[in-house]
Structures are given as C-alpha cells and as structure tokens.
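Given the coordinates of chain A, assemble chain B onto it according to the supplied hints.
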Amino acid sequence: SQKIEQNSEALNIQEGKTATLTCNYTNYSPAYLQWYRQDPGRGPVFLLLIRENEKEKRKERLKVTFDTTLKQSLFHITASQPADSATYLCARRSGAGSYQLTFGKGTKLSVIP
Amino acid sequence: DTGVSQDPRHKITKRGQNVTFRCDPISEHNRLYWYRQTLGQGPEFLTYFQNEAQLEKSRLLSDRFSAERPKGSFSTLEIQRTEQGDSAMYLCASSSVEEQYFGPGTRLTVT
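The listed protein sequences derive, respectively, from chains A and B.
Mapping the first sequence onto our numbering, position 43 (from 1) lands on 43, and the numbers just tick up by one.
Mapping the second sequence onto our numbering, position 91 (from 1) lands on 91, and the numbers just tick up by one.
Keep in mind that the hints were calculated from the coordinates and are not lab data.
Predicted model only: the values in this text are computed from it and were never measured.
Yeah, the Cβ is synthetic: ideal placement off N, Cα and C, and Gly gets one too.
Some hints could be false.
[To be verified] Ranges of calculated distance between the beta carbons of each label pair, as one might list FRET restraints:
hint, chain 1, residue 1, chain 2, residue 2, range
1, B, S96, A, A96, 13 to 23 Å
2, A, Q81, B, T2, 45 to 55 Å
3, A, H76, B, L60, 31 to 41 Å
So that you can see chain A by itself, here it is in the shape it has in the complex:
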C-alpha cells in the first residue's frame, strides 16, 4: 500500500524563522503531492500541489519541493508568524487512476512569539 510519513509530530519555532516540514512516501512516485493546513476542529484547507516533474513550487511565504530520488517533499514557511500555527498534512494519490488521497498524520507547528 502507498504510505505517507510525516516524521515530526510537532515542531516549535521562533517567530520570523523558517519552518521546514518533511513528508516521505513509499513505493512508486505519486503523480503529485498535496499539502493542507488544518486548524483544531476544522476541515483541512488546501495549500499547494506539486507534480513529480516540478522540483519546486511557491505561493507567497510557502515553498514546496519534490525529490523523487529521496522520495521526499519538503514544505517551508518563511518569516513564520504565530498565525501559521496549525497542523500541516501531506497527501498523495492512493494509486494510479485513483482520486482518493492517502494522508500523513500531520505535523503540528507552533510558532512562538
């Protein structure tokens, strides 16, 4: 089965620093990876999608990379703010031709003022 692993359950960083979250996947490379943000008691919110032929994608203070050799995606938040505190989820397609997503457990980011 296709798995997604987010190794850090929690990450604490100082305001203004860059947060880097890691997502590793198993088996074959997915066509794309997605990153979501989830606040307590709410549904996930889509942030970014990166395809396997893209090395990097940016959106405002967010940057995602995709390394098919390492089977890894990195998610960066630059100039972090306390409002960035949330759980960040990585997700992949569960299989070729499937639209269901397999999610990691998420990394809870806390930005300390």
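Coordinates of chain B only, in the frame set by chain A:
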C-alpha cells in the same frame, strides 16, 4: 457559493443507533469524497463519488456504512448500528481537479 457544508456539525448517539450525515459540495464540483479522522491521525478515505456514481470504496469500510449521492449533488453517509469505535470526525470534500476542498466536518460521539 461559500464552500462545502456539512450537517450536523455535532452528533451524539447511543451505541446501536443509526445516524445519517449530509454533505453539500461546491456546486460546480463533480467529485465528492468522504473521510474519517480520529485524534492525532490524518483523514482516512472512506468513499468517492463522481457525479452520482460511487467509484471507490475503502476496503476498511464496514457493511454498516453506506453512502449515496442520488442526483450528483448532495451526499449522505449513513452508519447503522453505531459502535463506540465509530466515534470520529467525518469529513466531506469535493473537487473538480486534483485539489480537494473540505467541509467543517461532523463530529460523531457514540456513547
């Protein structure tokens, strides 16, 4: 259209009772998904519709769970003979392309 909506937001039921949840997707989205999420875990896929056709269903989904999307618009998820292990957040999402837009979820507590 303000996004995906789900009803109810919270449901408390006694073990053995049946419950039904409703999801209204973003109107132009033809794909609809149901996920379940427990504390400290990511969402776990349950089932997927394209228009009114149920195309994928998790092998982990018990026969007590059934979902419908009768006219390709809203969807319902029913759980029969609820068990304490069914306590979770039930999330609905919709999409037209790859990214999925989630609703606020229905929090189910089985006592």
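So, going through the hints one by one against the coordinates:
no. : hint                           : result
1   : S96(B) with A96(A): 13 to 23 Å : holds (20 Å)
2   : Q81(A) with T2(B): 45 to 55 Å  : violated (26 Å)
3   : H76(A) with L60(B): 31 to 41 Å : holds (33 Å)
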